[in-house]
Amino acid sequence: MSTTTTGHFTFADWQERPAGPADAWPRLAHASVVNAFSGGVEAEGTTCEYTIVYITEKTGAFAGMELLTGRVGGRAGAFVVEERGTYDEDGTVHCVFEVVAGSGTGELTGLSGSGAFTARAGETTVPYTFDYVLE
Numbered sequence: 001m002s003t004t005t006t007g008h009f010t011f012a013d014w015q016e017r018p019a020g021p022a023d024a025w026p027r028l029a030h031a032s033v034v035n036a037f038s039g040g041v042e043a044e045g046t047t048c049e050y051t052i053v054y055i056t057e058k059t060g061a062f063a064g065m066e067l068l069t070g071r072v073g074g075r076a077g078a079f080v081v082e083e084r085g086t087y088d089e090d091g092t093v094h095c096v097f098e099v100v101a102g103s104g105t106g107e108l109t110g111l112s113g114s115g116a117f118t119a120r121a122g123e124t125t126v127p128y129t130f131d132y133v134l135e
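Read in the numbering used here, the sequence shown has 25 at position 25, and its numbers run on one by one without any break.
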């Protein structure tokens, strides 16, 4: 049976660098990000790596992997999520994510699930939803 949980995360750090020519469109970039999760998922400092394509100065898409170490539903361990998303003209980010099969450790061994978030330009705290199953 699936459990749905919610919470928020904040960007603790964002380091972005070009990954190819920076004088033409589309442009590629790579970002190393640290997030802090609270709520149903508790993880003080995640490790996240994104590859980004900017179609225009304000639009694009990204894919990445994020390692979360902490707690889900009160159980301790670590797991990885694969993320895919887009940037809209108004700065809104839409992202879906899924737990990488077999990545759960500790009390999170066997974790599966998926979730989503929408981040609006200028927000420092972003709400998420996460539907998961723990074997």
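A couple of the hints might just be wrong.
[Unchecked claim] Computed beta-carbon distance windows for the label pairs: (1) Pro21 / Ala61: 37 to 47 Å; (2) Gly45 / Glu16: 16 to 26 Å; (3) Thr118 / Pro26: 20 to 30 Å; (4) Thr105 / Pro26: 32 to 42 Å; (5) Asp90 / Pro26: 17 to 27 Å; (6) Thr4 / Gly106: 40 to 50 Å; (7) Pro18 / Glu135: 39 to 49 Å; (8) Gly106 / Ile55: 12 to 22 Å; (9) Gly102 / Thr125: 29 to 39 Å; (10) Asp90 / Thr51: 20 to 30 Å; (11) Thr56 / Thr105: 15 to 25 Å; (12) Thr59 / Met1: 16 to 26 Å; (13) Ala24 / Met1: 47 to 57 Å.
No lab work stands behind these hints, which were simulated from the structure alone. Built from N, CA and C at the ideal position, the CB exists for glycine as well.
Hint-by-hint comparison with the structure:
1. Between Pro21 and Ala61, the C-beta spacing of about 18 Å breaks the proposed range 37 to 47 Å.
2. For the hinted restraint 16 to 26 Å between Gly45 and Glu16, the CB-CB distance of approximately 18 Å keeps it satisfied.
3. Hint check: Thr118 to Pro26, Cβ distance near 23 Å, so the stated range 20 to 30 Å holds.
4. The beta-carbon spacing between Thr105 and Pro26, approximately 37 Å, falls within the hinted interval of 32 to 42 Å.
5. The beta-carbon spacing between Asp90 and Pro26, approximately 19 Å, falls within the hinted interval of 17 to 27 Å.
6. For Thr4 paired with Gly106, a C-beta distance near 22 Å fails the hint of 40 to 50 Å.
7. At about 42 Å, the CB distance of Pro18 to Glu135 agrees with the hint of 39 to 49 Å.
8. Our hint of 12 to 22 Å for Gly106 and Ile55 is violated, since their Cβ atoms are close to 40 Å apart.
9. Separated by about 31 Å at the C-beta atoms, Gly102 and Thr125 satisfy the suggested range of 29 to 39 Å.
10. About 23 Å separates the C-beta atoms of Asp90 and Thr51, a value consistent with the hinted range of 20 to 30 Å.
11. In this structure the supplied range 15 to 25 Å is violated for Thr56 paired with Thr105, their Cβ-Cβ distance being about 40 Å.
12. A beta carbon spacing of about 39 Å between Thr59 and Met1 contradicts the range 16 to 26 Å that was offered as a hint.
13. The supplied range of 47 to 57 Å is met by Ala24 and Met1, whose beta-carbon atoms lie about 50 Å from each other.
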